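Start from chain G and add chain U according to the hints.
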Amino acid sequence: MAGRSGNLFSSIFRPVGRIVSPVWTALRRQLAQTPVLAFQLGVLVAVLLEQWQGEAFADLLGFRRIPRFFGIVDIFEPFSDLDFSGILAPFFPSPNNISASPLQDSVQALGELATTFVKAFFYQGPRAPGFFDVTFRVLIYDIVVFVVPILIIAFLLRPLVSELLRRFPKWSLILVHLIILAAIVLLWGDDGGTRELVLIFMGINIILTVSLNLVNGYMGEFSVGHAAFMAVGAYVSSVMTMWAFVDDRVFGAPALDPSWGLPVGFAIALFAGGIAAAIAALLVAFPSFRTRGDYLAIVTLAVNFIVQSAINNMEGIGGARGLNGVPLWSDLSWVLLTTILSVFIIHSLVNSTFGKGIIAIREDEIASELMGVNTKRIKLVTFLVSSFFAGVAGGLFAHVLAYINPGNFGILKSTEVLVMVYLGGMGSISGSIIAAIIFTLLLEALRPLAILKWVVIPLILIVLMLFRPQGLFGFREIELNWGWQKAKEKPEVSGATAED
Amino acid sequence: MPLLKTENVTHFFGGLKAVSDFNLRIEPGELVGLIGPNGAGKTTVFNLVTGAYRATEGRIIFDDQDIVGLPPHQINKMGISRTFQTIRLWNEMTVLDNIKVAQHGHIQYDLKDIFLQLPRYRNQEQAIEAQAMKMLKLFNLADHAQQPARNLPYGQQRRVEIVRALAANPKLLLLDEPAAGMNPQEIEELMVFIQRIRSELGVTIWLIEHQMRLVMNICERITVLDFGETIAEGGPDDIQRNTKVIEAYLGVEDEEIS
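So the sequences go chain by chain: G and U.
Using our numbering, read the first sequence as starting at 6 and increasing by one per residue.
Using our numbering, read the second sequence as starting at 57 and increasing by one per residue.
Hints listed in this document are in silico derivations from the structure and should not be mistaken for laboratory results.
Just so it is clear, the structure is predicted and the values come from calculations on it, not from any experiment.
What you were told as hints is all true, and nothing was included just to trick you.
The list that follows gives simulated cross-link-like pairs (lysine-lysine, DSSO-like), each with its CA atoms no further than 30 Å apart: (1) K381(G) x K61(U); (2) K190(U) x K175(G); (3) K381(G) x K227(U); (4) K300(U) x K73(U); (5) K227(U) x K61(U); (6) K175(G) x K168(U); (7) K381(G) x K133(U); (8) K381(G) x K168(U); (9) K61(U) x K133(U); (10) K133(U) x K193(U); (11) K193(U) x K227(U).
Which residues of chain G face chain U? A partial, calculated answer using Cβ under 10 Å: (12) F349; (13) I350; (14) S353; (15) L354; (16) N356; (17) S357; (18) G360; (19) G362; (20) A365; (21) E368; (22) I371; (23) E374; (24) L375; (25) N379; (26) T380; (27) G432.
All C-beta atoms, glycine included, are put in the ideal place defined by N, C-alpha and C.
Isolated chain G, as found in the complex (with noise of 0.2 Å):
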């Protein structure tokens, strides 16, 4: 609990942490001996309990609404009237604006701003409180309506779930624990508006996060293209939709069945989609792979503009301007349901003997090869798989979207999927997914903050890299009490004798 640097730092939060920190380890421990089942029906129930009664809850709180995503969109609001163009503007005077005195009327700004940011945190006016005042009001909500019935319940429920883990085969478990997420965000998230266009880029991100950890983190390679396997992924399977199953302008009308189009033609789309990628993958592999490094980085970031100038000079599929139209089938249990599946065999894999191949290339790819471990091979199909997924949320991107151009795809779109990377932490399917979330809904809270966000989120970054630059979970998973015995993984080492 204490400060690891500084006197003063330490002095002020020894004894705070003299009186919290046993409380906190009774609490941990608890929590940790809770099976993650009792979580999630914790979790459902606070769900239920908030379209019960959260209306009512957040008006008697003073709220207009039930606060957005926990409330930390709520509390950013305060920021959102923050002008920083009145600084620099008086030094670059339009013609018909010239100022007389650029320093000094840049000078009034720069108060004027100081003066909006102070007044944000405390009081703005009587429609519009401060970030404390918010920040304070937000807290009571999710303690009153997360997290203590979370706590309640997952406590009650404890012996009554401990003995079900106890009794039923692991298969039906892992059924019970999918089917239980499903109803959460389900129950959640499917409100047609913000909360389920969030939670469809959380697991498309998620998606291409967790395929990219695949070359990046578990091989040791550096592709910084992954954008261009997704546009990929996106124009095949949203050209094979339209033309099958819209009437559209670019295609005409749908040549076939369109009834047939969900669930089957969207599954085949999406699939196709992220064949495709692994196709163009396999061009792109072919030379690459020679030599180990910065090779590979400088070929995905040239795939990435071939691919974006190719689609651009397409007019058959919009060229430049886009393509229009895309059917929305994208909603949440579809991402929902790709999302867990990806997840769920890019983790069979690492987690395979033949998956760990891939790890021992990143630790000696020489001493893979000679110690039978087929290099060559291995690379090629973890590319080949992490491209693969990059076409398949490419394509669940498109059919969210209805209109995608080129510009979608670009090297900024790769950059953000190689910061969630590298915030999560390399080699690690846990960290990719906590770090997806977490930027995913950064993006959302800070959207406030308007153009100011670009300069929180790299801050914010700049931060985690100096104080942890292996990101949130480098090289490790996160150990959650799921209640069931490990048969596997903990082979019994009785019976051996220390030394020679």
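Frame of chain G, contents of chain U only:
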């Protein structure tokens, strides 16, 4: 029939002749040594046999097949496994995973089996794990199974590397300076260890070593290299008396080697 036979194997690094006309026969079950001063080309010979380098000239016959030009992982699968002069374990992986991945050549399942978690995949994974644990127990390393390889002390890492090489179930095991950096006590243990490998697993062993005590004690036959040329071959006693070998090692009379 010899297990390994090299016929006039020659290798150039650019204009430098690193190995010239290397001829050797190794019979199944033998324990053979390869010695020579630093830079004599010993490790190059190992690299040629394991496929890390492709021999410029000559043939390498293993189990009746010419293996020159085969990719290293395939040579490993055929039954030649090795350790390295400097330890090259997969450091971040656990000891158990190191041993499991070394069985990579024997994996029969494919991606479809993994993604669908088919019985074929699960059965083989169990077999691989069981084999790995058996190896670790046999060489008293089971206690360290779940530790990352880099956390082990140096001597243990050396042993894990040997066990990793054995995990592929090789017919021929190449040990590149297994005693490097070990103290006399550890060398003593290593000698027992190497002899145990041969007696319990029946693996043919070919080793490079600078520690003469180890080489002279356990090797039945020794080849001596100097500047890429084979200057002597024979039993430990012959080699110790061979004047060419003494010259190559000692040069001047009074100098001493360990």
